[in-house]
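Visitor: Spelled out from the first residue to the last, the chains are:
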Amino acid sequence: MTQHKGKKLVYISEDLLDEVAKISRSRGETISRFIEEALRQAVRVSKAGYHLEKLAEFFEVMQAQKVLGGAFVPMEVLNYLTSKTYREERDQLNVKWYESGKWYGKYLKERFDDPIQAFKVFLEASRWDLNEVEVRREGGKVRVRCISTVLTAEATELLAKFIEGAMHSLGYKTERNEYVKGIIILELSEDF
Amino acid sequence: MAKVGRKTFVAREDLLNRISELAKEKGYTLYNMVNEIFEFAIKAYVEGATPLKALEALEELNAIRKAGFTPCMERLWYEMAEIAFREARDETLKCWFEAGIWLAKLYETSGRRNPLEDLMSDLKRFTWEASEFKVESRGGNISVHILSPKFPESYTILFASLLEGVLEAFGYKIASKEVSGGIIRLEAFKEGGSR
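Which chain is which? The protein sequence lines are C and A, in order. As numbered in the numbering used here, residues 1 to 192 make up the first sequence, in order. As numbered in the numbering used here, residues 1 to 195 make up the second sequence, in order.
The reader is advised that the hints may include incorrect statements.
[Stated by the list, open to error] Mimicking DSS-like on lysine-lysine, the simulated pairs with C-alpha atoms at most 27 Å apart in a straight line are:
#, chain 1, residue 1, chain 2, residue 2
1, A, Lys53, C, Lys109
2, A, Lys24, C, Lys109
3, C, Lys54, C, Lys66
4, C, Lys47, A, Lys24
5, C, Lys106, A, Lys43
The set of hints was computed from the structure by calculation and includes no laboratory data. From a predicted model like this one, the values you see are computed outputs, not experimental measurements.
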């Protein structure tokens, strides 16, 4: 037996509904079908215990990571490679991490309306070895603080270089860059 | 301040009641909750996915984390592998081989029914950069074939070493191998089994 399901009227922001209409048209779907699917899926996502806004942010950043060439690697091997290559080629490695950060920052700047927030989400989502990531903005200044209880001194230095590279691409210059095993404090100001 | 325009839409009552409950749980108004849902859906669709795909991606990432893997920029990863391989080839190969054994032990002791199958399937899922990753198991034989034009020579050799570690930890002996820039083909048989 098919149970009749009642309908209800609900408010939505005009801009969003226009966007929904545009997407559903491009997908060859009716607006009502798109709306029903989005609501149904949102219920499932929320039931799984996730916050929609956080999940959307995370997903966008991970898609960017995929586009930029992200790899998943055994943690143990990464630690070995870091310590081994650091011993052999410290300067070269620092340059590579800095350049990689710059490249990443350039992409974030192109791709996101708020690239600094996207970079914070990237660090939180992809650096599982960080216990805390804080990005504080005050006027034209940004303070990045990362804390880890497991990061080695070498890995801390390389991550600091990566962050510095990314922030330079986002239009900031370094005022203070301090790092010791497991702690990175980077203060930057807008570079006009 | 410009006033945000509102419009109405019609949707299934049962779904809206559920959304309304969720809004209450979060301390939102129904209007805010509906807007958040559509902002999220739009972001997902713009990325060529759906909200559920986004959820699957997050759950996959959690699985990757539990399996002892970590994300890394591919370029840095290859370059670091290249330096280590150049400077200390044997030591680096040994490290990758041992990482394979470690992964095998992790899966073997995690109460899975098919630990080798699960590990290979996860490796396939996590290796985004491989255009082909085939694992075939017949009787006591197993073959692994990976194709990735992005793998540099050094990385191909190291990744093959990790796979050898995995297979040996599961009691397989390598019968033949072909490893060169971007291509890995391993054939192995179960020790004590028939070939």
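Visitor: Taking the hints in turn, state whether each one holds.
Guide: A quick look at each hint next to the structure:
1. For the proposed pair Lys53(A) and Lys109(C), the alpha carbon gap of about 25 Å is at most 27 Å, so the pair holds.
2. Simply put, Lys24(A) and Lys109(C) have alpha-carbon atoms about 36 Å apart, too far for the 27 Å limit, and the pair is violated.
3. Of the supplied pair hints, the one linking Lys54(C) and Lys66(C) holds, its CA atoms being roughly 18 Å apart against a limit of 27 Å.
4. With a C-alpha separation of about 14 Å, the suggested pair Lys47(C) and Lys24(A) falls inside the 27 Å cut-off, and the hint holds.
5. Using a Cα cut-off of 27 Å, the hinted pair Lys106(C) and Lys43(A) holds, with the two alpha carbons roughly 21 Å apart.
Against the hints set out earlier in the document, a violation occurs for number 2 only.
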